[in-house]
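Asks: Same order as they appear, the protein sequences are chains A and B. Here the first sequence is numbered in the working numbering, starting from 21 and rising by one per residue. Here the second sequence is numbered in the working numbering, starting from 21 and rising by one per residue.
Bear in mind the hints are in silico, worked out from the structure with no lab data behind them. Do not rely on the hints blindly, as some may be mistaken.
Same chains, same label: a pair holds when it works inside one copy or across any pair of copies.
[Said to hold, decoys possible] Keeping only pairs whose Cα atoms sit at most 27 Å apart, straight-line, the calculated BS3-like set for lysine-lysine is:
1) LYS285 x LYS50
2) LYS70 x LYS50
3) LYS39 x LYS70
4) LYS70 x LYS333
5) LYS119 x LYS61
As the structure is a computational prediction, the values presented were derived from the model and not from experiment.
Protein chains: 2
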Amino acid sequence: MENAFLYRTGSQYELDLSKAVHFVREGAFKTIALQLPEGLKTDGYNLARKIEAWTGATCIVSADPCFGACDLVDSDLSPMGVEAIIHIGHTRMPSVPTKLPTFFVPAPSTVDPLPAVERALPLLKGPVGLMTNPQHAPAIDAVIAFLESKGVKVYLGRGDRRLTFAGQVLGCNFTSAQEVEGEVNSFLFVGSGVFHPLGVAMGSKKPVIAANPFTGEVLDMADYRDRFLRQRYATIGRALDARTFGILVGTKIGQMRMDEVRRTKKLIESKGREAAVFALSNFDPSLVDIHPADAFVCTACPRIAIDDALRYKKPMLTPPELEIVLGVRAWENYEFDQFYG
Amino acid sequence: MENAFLYRTGSQYELDLSKAVHFVREGAFKTIALQLPEGLKTDGYNLARKIEAWTGATCIVSADPCFGACDLVDSDLSPMGVEAIIHIGHTRMPSVPTKLPTFFVPAPSTVDPLPAVERALPLLKGPVGLMTNPQHAPAIDAVIAFLESKGVKVYLGRGDRRLTFAGQVLGCNFTSAQEVEGEVNSFLFVGSGVFHPLGVAMGSKKPVIAANPFTGEVLDMADYRDRFLRQRYATIGRALDARTFGILVGTKIGQMRMDEVRRTKKLIESKGREAAVFALSNFDPSLVDIHPADAFVCTACPRIAIDDALRYKKPMLTPPELEIVLGVRAWENYEFDQFYG
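One chain only, chain A, in its complex shape:
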């Protein structure tokens, strides 16, 4: 029988909303919020209209930027009468508490990853540590079967409680890779973008290969690793003489590391420098660079300091990079910033 609650986006994703509709009907929620990742944002209008028709609830689209399950609108929208959330495309972080009932709807890609994986095969040394993100999670069994049919043994790490499924990797959490580091001779990341496999490469001496199902492109992260380190060393170098620091803390519930803020502030002051703390929901150079600090330390999403580095005029450091600036970590012990769950 045809599933009446399927929604196909304009961009190679298929959403099955039948369980989400059941969740709203069972909960008898009168007003719910719909949160979408940036890539599916423009589907919000039509999805909300469909959810309203299917459930009878009022569906408010959260139009603020959303970059992960660390970023839940949750009780922020309670004053609007919002009783529950439908969150599309990201997976629940078990270590990040939700206040309102929240239903996570997967947004699996309709693209077959096997051609890209086949192209990656010559670069892999078995056993292989396999990693992916939620959009290719449903295809992970097929990837494993394919690799094993080629005689490659596969390991999936479970990782810590920030991760939802075995083999998952986030821009801020590579614990699933670290867990199997000792068992494997290389890593394979199935997905798009270089940020996730780069993070794995920064924490491992083993080769990390990225296979992009959308483009078919296969990358060896060794080149990216070196280029990345040179860029970050340059940023650290620019911050060496900073006397005043702005410590940035994210207001998003899964990015709010107050322990790290306190530790960082103490560390800066113990080295005879000074700092003030700035809270931000969405980070933008126009909201950061204006403050009279010589350099910034971002305790929120590590992608802010790393992916967006060139957008900021002033040096933007991660906490481990600050330690290098202050001389309490050796340059050769450079480490990616991780959020543990």
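For chain A, the structure is supplied; the task is to place chain B on it using the hints.
Replies: Same frame as chain A, but now just chain B:
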């Protein structure tokens, strides 16, 4: 005796923080947040450092944009351990509830408004309805005394519970002017910008004169009123054929008009058109124009539709403008959008 808690900003404002310091010490708050208007944002770093030195509390600067007392970070920052707020430059809106103890610190201008008022004198017809904003509130008695010395009788309206002091006017509330409309023959606004006096002019047949203490400039709002109406009529005209609407609701506690959202949605649907609701904290064309709606209705701050109109590609309407689009309000009954308290 010298007040040890005075802070002079780089931009003609003087802040007396002595009561705010007392508020933090008495409350024994360990962590507080500091919220500043955009014009004083860059003072946040130094102010936070001073407040920390004076109180021993950790002071987190809210670096998100803040355009009024409608926009309180309040309990949003509670998960960071924030126990109280110091809010600079805006005045408490009695009708907007705060969850955390909040201390409002005035940011009075150090500029004398009398030269500008003197220049406005020939354009005024007594009795005069006097209006200003918080930065010139401490000078209001001097302005009254000056006008009365010239034989001009002055009326100050108290307005509704969105306003803090008699004669106050906000971009979204002109009730203090409306209250004395019947007693006066003209209005005088003392302050900068045309938005506030324009709002008064839109609700009154009496002349509205604006005197800017910073520049000495004096404006008769009659010209602005006509130009403004032409611009808004053009926007309404562009939206006449819209079939699909995005209703925008602000997540800021003093801008969240869910009643207006529900009323607006019903109205749109009753006219055979359709709508979805979008929640936003900070409004930007990149977050709004992307959605597949023909036009938007903004139930948050009226300045978004009016001041920023040219930044948006799609027509952005206020709720009274939507009524004209849908044929339930006559064009000649054009009305400024107000938030009543």
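Asks: Tell me, please, which holds for LYS119 and LYS61 at an alpha-carbon limit of 27 Å: within, between, both or neither?
Replies: within (23 Å within a copy, 32 Å between copies)
Asks: Could you place LYS285 and LYS50 in one of the four classes (within, between, both, neither) given a Cα distance threshold of 27 Å?
Replies: between (44 Å within a copy, 15 Å between copies)
Asks: At most 27 Å between C-alpha atoms: does LYS70 with LYS333 qualify within a copy, between copies, both, or neither?
Replies: Close across copies (26 Å), not inside one copy (44 Å); limit 27 Å.
Asks: Quick one: LYS70 to LYS50, C-alpha cut-off 27 Å, is that within a copy, between copies, both, or neither?
Replies: Classified as within: same-chain Cα gap 15 Å, cross-chain 47 Å, threshold 27 Å.
Asks: Between LYS39 and LYS70, at a C-alpha cutoff of 27 Å, which is it: within one copy, between copies, both, or neither?
Replies: Classified as within; 14 Å inside a copy, 53 Å across copies.
The earlier numbered hints are all upheld by this structure, with none contradicted.
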